[in-house]
Amino acid sequence: MTRLRALDPARHGALRLDRARGAAGRRLVPVGRGEIAPLVADMPLLFAKDAQTGRFEPVALLGLVEPVNLFVSPAGYHATSQPGAAGLTALRLDAGGVDGLAVDEADPSLGTTGEPLFVDGRAGHWRAALDAALSDVTAGRALADGYARRGLLRRLSVVLSMDDGQEQVLDGLYGVAEEALAALPDADVVAMHRADELAPAAVLTASLAQVERLRQLHNARFPQQIAAIRLAIGD
Numbered sequence: 001m002t003r004l005r006a007l008d009p010a011r012h013g014a015l016r017l018d019r020a021r022g023a024a025g026r027r028l029v030p031v032g033r034g035e036i037a038p039l040v041a042d043m044p045l046l047f048a049k050d051a052q053t054g055r056f057e058p059v060a061l062l063g064l065v066e067p068v069n070l071f072v073s074p075a076g077y078h079a080t081s082q083p084g085a086a087g088l089t090a091l092r093l094d095a096g097g098v099d100g101l102a103v104d105e106a107d108p109s110l111g112t113t114g115e116p117l118f119v120d121g122r123a124g125h126w127r128a129a130l131d132a133a134l135s136d137v138t139a140g141r142a143l144a145d146g147y148a149r150r151g152l153l154r155r156l157s158v159v160l161s162m163d164d165g166q167e168q169v170l171d172g173l174y175g176v177a178e179e180a181l182a183a184l185p186d187a188d189v190v191a192m193h194r195a196d197e198l199a200p201a202a203v204l205t206a207s208l209a210q211v212e213r214l215r216q217l218h219n220a221r222f223p224q225q226i227a228a229i230r231l232a233i234g235d
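Reading the sequence shown from the start, the letters are residues 1 to 235 in full-length UniProt numbering.
Hint data in this document are derived by calculation from the structure and do not stem from the laboratory. Honestly, I wouldn't trust all of these hints.
What follows is a list of derived Cβ distance ranges for each label pair [as the list claims (entries may be wrong)]:
id, residue 1, residue 2, range
1, Leu4, Ala191, 35 to 45 Å
2, Arg3, Ala142, 40 to 50 Å
3, Asp163, Thr112, 31 to 41 Å
No residue lacks a Cβ here, since even glycine has one placed at the ideal position from N, Cα and C.
Turn these sequences into a full structure, and let the hints steer you where they fit.
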């Protein structure tokens with residue numbers, strides 16, 4: 001549940017924002033195009049489809065069974081990098097707030113630790129950070145649009161085999177189909193290379209190996225263990 005309020009120094013002046021606690025209760029967060037390379041060192045990067053627009057966007061998968069970010073714990077943040085949007089989940093654009101911002105007062109990243117929301121009564125540095133993250137996410141969506149136009153995004157099957165014999169399925173995820181990419185006409189491949197779309201496709205596909213890290217993080221935290229994970233990209 002969110003509790004949005006226009007950013008107000010009288011109401012929010014003492015609050016701090018702990019980016020490491022951002023997205024603590026989320027399994028998926030948007031990823032910017034410029035973040036793809038550093039993030040694959042820790043987490044799987046996939047695609048999700050907006051139910052209203054039908055557009056795809058790159059997302060980081062941060063959890064498996066429970067709706068939690070497995071990289072966040074009371075001890076801190078456990079990855080070498082973090083999606084920019086994940087650290088700013090408490091902020092929204094709002095023309096009625098200071099520097100055009102609103103805050104979600106229920107977000108777990110807000111509290112008494114982290115960086116102050118205000119510096120000399122202003123929050124311009126947070127507006128700049130949010131604008132940069134949103135711009136990079138928009139570029140990530142444009143990358144996904146290019147893959148979708150060429151028919152490269154296919155449904156990803158993720159099946160979790162639990163230690164009690166039950167299976168759980170993660171729905172709504174997509175990946176780049178390597179066979180479809182290999183079958184593209186030469187002209188399309190050249191166009192993708194010149195648009196810097198080939199390298200990200202390879203990196204995104206390689207990131208699927210990080211699902212195993214999520215399994216390990218899950219098993220270290222929760223009593224119900226994930227014995228194995230099966231991944232497959234549809235035809």
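- Query: Per the hint of 35 to 45 Å, is the separation of the Cβ atoms of Leu4 and Ala191 within bounds?
  - Reply: holds, 42 Å
For the pair Arg3 and Ala142, does the Cβ-Cβ distance stay inside 40 to 50 Å?
violated, 32 Å
Check your understanding: Is it true that the C-beta distance of Asp163 to Thr112 lies inside 31 to 41 Å, as the hint says?
Key -> holds, 39 Å
Violated hint for the displayed structure: number 2, the only one.
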